[in-house]
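Using the sequences and the accompanying hints, generate a full structural model.
Residue-level listing of the chains:
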Amino acid sequence: AQSVTQLDSQVPVFEEAPVELRCNYSSSVSVYLFWYVQYPNQGLQLLLKYLSGSTLVKGINGFEAEFNKSQTSFHLRKPSVHISDTAEYFCAVGENNAGNMLTFGGGTRLMVKP
Amino acid sequence: NAGVTQTPKFQVLKTGQSMTLQCAQDMNHEYMSWYRQDPGMGLRLIHYSVGAGITDQGEVPNGYNVSRSTTEDFPLRLLSAAPSQTSVYFCASWTGARNEQFFGPGTRLTVL
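Chains A and B, in that order, give the protein sequences.
Be aware that the first sequence starts at 1, since it is given in the numbering used here, and climbs by one per residue.
Be aware that the second sequence starts at 115, since it is given in the numbering used here, and climbs by one per residue.
These aren't lab readings, by the way, just hints derived from the structure by calculation.
Be aware that one or more of the hints could be misleading.
[Claimed, not checked] Partial selection, computed: residues in chain A whose CB lies under 7 Å from chain B:
hint: 1; residue: TYR32
hint: 2; residue: GLY43
hint: 3; residue: LEU44
hint: 4; residue: LEU46
hint: 5; residue: LEU51
hint: 6; residue: PHE90
hint: 7; residue: PHE104
hint: 8; residue: GLY105
hint: 9; residue: GLY106
[As the list claims (entries may be wrong)] Sample of chain A residues at the chain B side, in silico, Cβ under 8 Å:
hint: 10; residue: LEU7
hint: 11; residue: SER9
hint: 12; residue: GLN42
hint: 13; residue: LYS49
hint: 14; residue: LEU102
hint: 15; residue: GLY107
[Claimed, not checked] List of simulated lysine to aspartate or glutamate pairs, EDC-like, C-alpha gap at most 20 Å:
hint: 16; chain 1: A; residue 1: LYS113; chain 2: A; residue 2: GLU15
hint: 17; chain 1: A; residue 1: LYS58; chain 2: A; residue 2: GLU20
hint: 18; chain 1: A; residue 1: LYS58; chain 2: B; residue 2: GLU214
hint: 19; chain 1: A; residue 1: LYS49; chain 2: A; residue 2: GLU66
hint: 20; chain 1: A; residue 1: LYS49; chain 2: A; residue 2: GLU95
hint: 21; chain 1: A; residue 1: LYS49; chain 2: B; residue 2: GLU214
C-beta atoms are modelled at their ideal positions from N, C-alpha and C, and glycine is treated no differently.
And the structure:
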């Protein structure tokens, strides 16, 4: 069985500062990895995904994430955040032999302050 | 394309009442699923379907039923609502070729 741990439930940061949201996973097979963003009172929107190939993945809104197989991590980063990045961020893992069913982490609330 | 649509957006039930949450997608995706979202717990899979006529249980299936008679629709039924089912419910669909799930806007359910 797979699991996902998002180590920080809340991350406060000032506008224009860099941010890293941490995600660790456990799985016994090859995985796909995803980051989704949820703005207040909305559904989930895909930020980026890792399926294979380059371990550095670039997504929308200036976010990127790096897949580290040895550390079973998939941390999300942005060099300079904006107020509009305030949202909840979810890391998810899917196993390629399970119909791509996703297991989600508990979420990290990013709070960008002026 | 409308993507994934869910109705209603909000619902208040009394304990013991039944209701159906509707989900539809117009992308011809073979996979569909229902999640519930609770604070600090992320999204947990309730039921999923890999095609019309085929459904299976997820992590938290108790108290919920599903059916998939068409590719487009995947309703979620609460047979006898309980306060523990107060949550936000999301429907998602995807195709195996793209490995990306598309989510509906959610239904916020309160059971009193």
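Status of each hint after checking the structure:
no.	hint	result
1	TYR32	holds, 6 Å
2	GLY43	holds, 4 Å
3	LEU44	holds, 4 Å
4	LEU46	holds, 6 Å
5	LEU51	holds, 6 Å
6	PHE90	holds, 6 Å
7	PHE104	holds, 4 Å
8	GLY105	holds, 5 Å
9	GLY106	holds, 5 Å
10	LEU7	violated, 13 Å
11	SER9	holds, 6 Å
12	GLN42	holds, 7 Å
13	LYS49	holds, 6 Å
14	LEU102	holds, 6 Å
15	GLY107	holds, 5 Å
16	A:LYS113 x A:GLU15	holds, 6 Å
17	A:LYS58 x A:GLU20	holds, 14 Å
18	A:LYS58 x B:GLU214	holds, 15 Å
19	A:LYS49 x A:GLU66	holds, 10 Å
20	A:LYS49 x A:GLU95	holds, 13 Å
21	A:LYS49 x B:GLU214	holds, 8 Å
Checked against the numbered hints listed earlier, the structure breaks hint 10 alone; every other hint is satisfied.
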